[in-house]
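Q: So you can see what is in the structure, the chains are spelled out below.
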Amino acid sequence: GAVVSQHPSRVICKSGTSVKIECRSLDFQATTMFWYRQFPKQSLMLMATSNEGSKATYEQGVEKDKFLINHASLTLSTLTVTSAHPEDSSFYICSARNLAGGYDFGPGTRLTVL
Amino acid sequence: AQSVSQHNHHVILSEAASLELGCNYSYGGTVNLFWYVQYPGQHLQLLLKYFSGDPLVKGIKGFEAEFIKSKFSFNLRKPSVQWSDTAEYFCAVNAGTGGFKTIFGAGTRLFVKA
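Residue numbers (my numbering), protein chains in the order written: chain R, 1 to 114; chain Z, 1 to 114.
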């Protein structure tokens with residue numbers, strides 16, 4: 001079946017550095033991918049919609065200059081957390097709409113900012 | 001704007017008990033509805049989805065959900081739960097008219113006692 005992968009699965013970085021997270025659809029093309037953030041014991045919060053070949057659409061309250069999204073190809077979207085701070089520590093999950101109309105989710109990336 | 005509410009945050013059941021998890025959404029137009037499950041330490045998996053047609057949808061692992069348009073509800077049911085059903089369950093909705101942005105409910109943690 002359709003699979004979405006994320007890399008890395010875990011990352012620890014120092015405050016002030018930038019971190020890039022990749023989301024790939026492995027066996028289907030995804031013109032649209034979504035980035036979510038999940039805090040411990042909470043639901044997924046949609047951050048932005050990543051559109052291939054165009055600018056991402058950010059949800060209200062999400063800083064687009066802090067969370068840079070690039071969807072350069074039909075199988076890859078990247079989320080870059082710029083100048084990361086401890087409050088950015090979270091679990092970041094991407095998803096892509098598959099050919100059956102459902103959504104496949106990546107395994108998530110746990111970001112820890114020291 | 002779309003929103004999703006799940007009524008129960010925590011549910012504890014004994015094995016063989018019946019399960020019903022409530023989900024209500026607010027959106028006046030056509031919707032696609034989903035239930036996802038997240039087992040401990042794993043990523044989200046699709047249980048079932050409703051796009052159109054028969055409002056009673058059957059999913060994997062014996063789960064089903066009923067779409068009641070007049071009540072804006074999409075409750076998840078299982079007649080007899082197992083210990084292995086212990087997980088977090090998320091209801092999700094997106095606008096069915098081409099808006100693929102999926103909004104999640106807060107989730108319900110189910111614990112099944114053996």
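One or more of the hints may lead you astray.
Said to hold, decoys possible - Okay, the calculated beta carbon distance ranges per label pair:
id : chain 1 : residue 1 : chain 2 : residue 2 : range
1  : R       : E63       : Z       : A16       : 19 to 29 Å
2  : Z       : G29       : R       : N51       : 15 to 25 Å
3  : Z       : A17       : R       : T82       : 13 to 23 Å
4  : R       : S15       : Z       : S70       : 27 to 37 Å
5  : Z       : W83       : R       : S9        : 40 to 50 Å
6  : Z       : G22       : R       : E59       : 43 to 53 Å
7  : R       : L26       : Z       : G29       : 30 to 40 Å
8  : R       : L114      : Z       : A106      : 21 to 31 Å
It is worth saying that the hints were derived from the structure and are not from the lab. Keep in mind the model is a prediction, meaning the values are calculated, not measured. For each residue, glycine too, the CB sits at the ideal point set by N, CA and C.
Q: If a hint holds in the structure, say so; if it doesn't, say that too.
A: The hints, checked one at a time:
{"no.": "1", "hint": "R:E63 x Z:A16: 19 to 29 Å", "verdict": "violated (49 Å)"}
{"no.": "2", "hint": "Z:G29 x R:N51: 15 to 25 Å", "verdict": "holds (21 Å)"}
{"no.": "3", "hint": "Z:A17 x R:T82: 13 to 23 Å", "verdict": "violated (48 Å)"}
{"no.": "4", "hint": "R:S15 x Z:S70: 27 to 37 Å", "verdict": "violated (51 Å)"}
{"no.": "5", "hint": "Z:W83 x R:S9: 40 to 50 Å", "verdict": "violated (27 Å)"}
{"no.": "6", "hint": "Z:G22 x R:E59: 43 to 53 Å", "verdict": "violated (25 Å)"}
{"no.": "7", "hint": "R:L26 x Z:G29: 30 to 40 Å", "verdict": "holds (33 Å)"}
{"no.": "8", "hint": "R:L114 x Z:A106: 21 to 31 Å", "verdict": "holds (29 Å)"}
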